[in-house]
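Peer 1: In case you want the letters, here they are:
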Amino acid sequence: KQEVTQIPAALSVPEGENLVLNCSFTDSAIYNLQWFRQDPGKGLTSLLLIQSSQREQTSGRLNASLDKSSGRSTLYIAASQPGDSATYLCAVKTTSGTYKYIFGTGTRLKVLA
Amino acid sequence: DGGITQSPKYLFRKEGQNVTLSCEQNLNHDAMYWYRQDPGQGLRLIYYSQIVNDFQKGDIAEGYSVSREKKESFPLTVTSAQKNPTAFYLCAGQASGANVLTFGAGSRLTVL
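These protein sequences, in sequence, are chains A and B. Using this note's numbering, read the first sequence as starting at 6 and increasing by one per residue. Using this note's numbering, read the second sequence as starting at 928 and increasing by one per residue.
If you're looking for bench data, these hints aren't it; they were derived computationally from the structure. Check before you lean on any hint, since a few could be wrong.
Unchecked claim - Restraint-style ranges between C-beta atoms, simulated for each label pair:
hint : chain 1 : residue 1 : chain 2 : residue 2 : range
1    : B       : I987      : A       : A84       : 37 to 47 Å
2    : B       : K997      : A       : T50       : 21 to 31 Å
3    : B       : Q944      : A       : E8        : 26 to 36 Å
4    : A       : S64       : B       : A1022     : 27 to 37 Å
5    : B       : K997      : A       : A83       : 42 to 52 Å
6    : B       : K984      : A       : E22       : 39 to 49 Å
7    : A       : K47       : B       : S1000     : 45 to 55 Å
8    : B       : G1024     : A       : L24       : 14 to 24 Å
9    : A       : L16       : B       : K997      : 23 to 33 Å
10   : B       : K941      : A       : K47       : 43 to 53 Å
11   : B       : K1010     : A       : E61       : 23 to 33 Å
Since the structure is predicted, the reported quantities are computational estimates derived from the model, not experimental observations. Glycine included, every Cβ here is placed at the ideal spot set by N, Cα and C.
Generate coordinates for the entire structure from the input sequences, incorporating the hints supplied.
Peer 2: Following this line, the structure appears as structure tokens:
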């Protein structure tokens, strides 16, 4: 059974710092992995999606990498800003034929001004 | 603007009542999902639908029901059989052949 873990559960950093959020999954047979942002009391916003054949995806200050063999993905945020404060979740889609996604519990990020 | 609209944003239920959460989309998504989010837990799948008039149970379907009579609409009913319904409920959609999940803003249900 696929399990997705995000450590740490919470993280505080000073503004301007580069940071890495981690996502681990137990079954390397994934179809894709998606990173989301969630602000308090809001829905999820998709940030980056990495297909199983890809190693990384970039959007602005965000870069997500995928290492299937080790069961890990990282979300790199460059030059963090207070507006980046939110909870970041990753989700794994296990096969192409399924519509089911397995979500991690998220990392709550606070960027201090 | 295209998107997924959930209503109401906040809902209060007395014990023994059924309540229905609305989810409407104008993105022409084939697949739609309902998730439940509790503090400290990941999103858990309640029901999903791949096409009109068809839906499947997710991991925590007990005490919930859905319908998919129109492509645009996927309402969720929280029945009195759901013993712990207080939670944040999220509806999502996905276009056929696409991979990105698009979420609504969520509905927070509180049992009084």
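Peer 1: Now tell me if each hint is right for this structure.
Peer 2: Evaluated hints:
{"no.": "1", "hint": "B:I987 x A:A84: 37 to 47 Å", "in the structure": "holds (40 Å)"}
{"no.": "2", "hint": "B:K997 x A:T50: 21 to 31 Å", "in the structure": "holds (26 Å)"}
{"no.": "3", "hint": "B:Q944 x A:E8: 26 to 36 Å", "in the structure": "holds (35 Å)"}
{"no.": "4", "hint": "A:S64 x B:A1022: 27 to 37 Å", "in the structure": "violated (19 Å)"}
{"no.": "5", "hint": "B:K997 x A:A83: 42 to 52 Å", "in the structure": "holds (43 Å)"}
{"no.": "6", "hint": "B:K984 x A:E22: 39 to 49 Å", "in the structure": "holds (44 Å)"}
{"no.": "7", "hint": "A:K47 x B:S1000: 45 to 55 Å", "in the structure": "violated (22 Å)"}
{"no.": "8", "hint": "B:G1024 x A:L24: 14 to 24 Å", "in the structure": "violated (34 Å)"}
{"no.": "9", "hint": "A:L16 x B:K997: 23 to 33 Å", "in the structure": "violated (42 Å)"}
{"no.": "10", "hint": "B:K941 x A:K47: 43 to 53 Å", "in the structure": "violated (27 Å)"}
{"no.": "11", "hint": "B:K1010 x A:E61: 23 to 33 Å", "in the structure": "violated (44 Å)"}
The structure shown violates the earlier hints numbered 4, 7, 8, 9, 10, 11.
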